[in-house]
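Based on the sequences and whatever the hints tell you, model everything.
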Amino acid sequence: MRVLGLDIGSRSVDAVWLDDGRITDYAIADSGFDPAAAYEGFLARGDHDIVVATGYGRHVARGALGCPVVTEIKAYALGATALYPEAGSVLDIGGQDTKIISLKASGGVDDFEMNDKCAAGTGKFLEVMARALGFELAEMAEAALAAEEGVVISSMCTVFAESEVTGLVHKGVDRGRIARGLHDSIAKRTLGSLKRVNVRGPLVFAGGVAKNPAMVELIRGGFAGEVRIPDEAQIVGAYGAALSALGR
Amino acid sequence: MSDNVETVDYTEMWEELGLNVPAHCALLKAIGPAYESVYLSQKNRPEGMSYFDFVMSEIHSLRIRELQDHKADGGSIIGTFCVYVPEEIIRALGGQSIGLCAGAEWAFPEVEQVMPRNTCALIKSFMGFKLGKVCPYFESADLVVGETTCDGKKKAYEVLGKLHPTHVMELPQMKRPDDRALWRSEIDRLAAKLEELTGRTLDVASLKAAIKEVNDKRRALQRLNAARKAAAVPISGKDALLAVQVAFYDDVPRFTQMVNAVADELEARIQAGVSVAPAEAKRILITGSPMAIPNWKVHDIVERSGGVVVAEELCTGSRYYDTLVAEDGDTVEEMLEAITDKYLGINCACFTPNDARVDDIMRMAEEYNVDGVIHYALQFCGPYQFEGYTVEKAARANGMPLLKVETDYSMEDAGQLTTRVEAFLEML
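One line per chain: the protein sequences are F and H, in this order.
Residues in the first sequence are numbered consecutively from 13, following our numbering.
Residues in the second sequence are numbered consecutively from 27, following our numbering.
Just so you know, the hints here were simulated from the structure itself, not pulled from any lab data.
Note that the structure is a prediction, hence the values are computed from the model and not measured.
Among the clues, some could well be false.
Partial list, derived from the structure: chain F residues whose beta carbon lies under 7 Å from chain H [stated by the list, open to error]:
1. TYR68
2. THR83
3. ILE85
4. LYS86
5. VAL121
6. PHE124
7. MET126
Below, in silico cross-link-like pairs of lysine-lysine (DSBU-like), each with a Cα-Cα straight-line distance of 30 Å or less [claimed, not checked]:
8. H/LYS234 - H/LYS368
9. F/LYS207 - H/LYS419
10. F/LYS200 - H/LYS430
11. F/LYS116 - H/LYS419
12. H/LYS430 - F/LYS116
13. H/LYS430 - F/LYS207
No residue lacks a Cβ here, since even glycine has one placed at the ideal position from N, Cα and C.
Written as structure tokens, this is what we have:
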């Protein structure tokens, strides 16, 4: 059976095509203001028998396509476990959510934690900060890695942190150090949550922010167990959604 | 039922009450569609719920008319916000107890001029209804009876007292003998205040009758809720929640009769195996902060996500109807003692310690055969936010899955909340 898994997120629409449970292709498109246009492009290829959707837009997709849906929590758990059967937990930092999933030994969801309202410390946060610093997203991560030491950023709220960053820029603080400080504060917050949920390793770090080398280094350095980063960290949700169609 | 009722224009009544009529119309226009989408879209509802649909459609009109008539006949209207205010005493003195509006966001910018922004939505809501002059119950009330359940309410009543006649009962926060003595004196003080207001005196016959009447209302709710223990769930959580919400302000004997009629129907449904949810739907208990009308947010999300709410350990749930006032008192004194005990027996998070609430939750989880518990705290509702941790720990120790939710009346977190609830249901 050929399955198309869609992860319709706030920042991107990710697609994974499976045939007999193996990934045959994947694609990533910007959600923009019309996420339906993005996934319709994937559907138009026609090389699938069924579709499963996850992500923020899953219910809209269900309404439009009549397809089954799963939550991002389940999708990430399935995708991460398929990639790393030994995984003990999953960290997904996406466009506007951070999720921490603790896995059962059998692979199912044991418990999870998710931010409940604001997008503090997510991909969206990094985008706004990069803009405030005049960086491209990739440049900001490089600058953060290159900086010896970060300045302390006390606010995690996107709006307050942006004001704080602007204040630092005006004081003439090196923007690499500011970038480092921003990454440090997200990592600190995330590692704190991982500790609170008391997850076991290995930890699969996925979602768009797992493509950021500075975040990867900081999470690796701060987590007590092993950390696994998928080659294509952004499609784990779409992969898991597709796998759910196979009754896993 | 509502089809048979002629449309009556209540504008004059609202004007006489001093409401801001255009703003009030805007409020009603918002509540109608919300009720339709949350309630009327449900399938296979018990027929008896049509009474509640009717009550909701007349929430600011026919019921207010009734209250004005009651006042014209020499009765009083006492506004309340809390399950600790003894309705029996109000009724024995010819009053009607009315739970005031506190479940929707209204005039928050004005509210934030008189109290901190980080006050819970429930308190901001009642202040908004008052400042915005859109609650006909508020404007009908001869007196508002507040209580010192939490810091936010306590201080809010100081503000409210400047705008409306307000009497505050000091609810002790522990349950030792001295605290009981204090609560007993507060019961007496309320009785004296109401006697002064109404010009009547508490007597054995009317207090006995009021105790019986209010107990009958709670018994009816106990029956309705007991039906939710069955494997076939005969009523949605939303509908059961609505019944308790309406209990706070509806005419007591009529309400009791209607709830008993729903309970009859539910018992017949159980016999016939009729369920509002598929057999595989996960059974959820919701516990935490009060849910005032029209706050149906969490129930709606759970039931839209395929779960079914079978029990509420809430002030708009078991804390309201679970315990009764002993009916064997033969003197006013004995009855006031019984009232003191009944109300002090409620397990609100404003008490310390409050282990009995945890026991209640765990007992209910078993009785209602639930698959998971959702702990719901209003943002900035410190007592329930704190107890969320205690309840979570106890649930974990009992192997009961629990999801902790913190939210308010806005819809900005509906997407994230839906994802969390769906993932919780998937996990069970």
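For each hint, the structure was consulted:
1. TYR68: Since the shortest Cβ distance to chain H is 6 Å, the answer is holds.
2. THR83: F/THR83 check passes; min Cβ-Cβ to chain H is 4 Å, inside 7 Å.
3. ILE85: 3 Å, holds
4. LYS86: 5 Å, holds
5. VAL121: 5 Å, holds
6. PHE124: Check passed: Cβ of F/PHE124 comes within 6 Å of chain H, closer than 7 Å.
7. MET126: 5 Å, holds
8. H/LYS234 - H/LYS368: 15 Å, holds
9. F/LYS207 - H/LYS419: With a Cα-Cα distance of about 16 Å, the restraint between F/LYS207 and H/LYS419 holds, given a limit of 30 Å.
10. F/LYS200 - H/LYS430: 23 Å, holds
11. F/LYS116 - H/LYS419: 19 Å, holds
12. H/LYS430 - F/LYS116: Distance ~20 Å between H/LYS430 and F/LYS116 Cα, so the pair holds.
13. H/LYS430 - F/LYS207: Holds: H/LYS430 and F/LYS207 sit about 18 Å apart, inside 30 Å.
Going down the numbered hints, you'll see the structure goes against none, and every one checks out.
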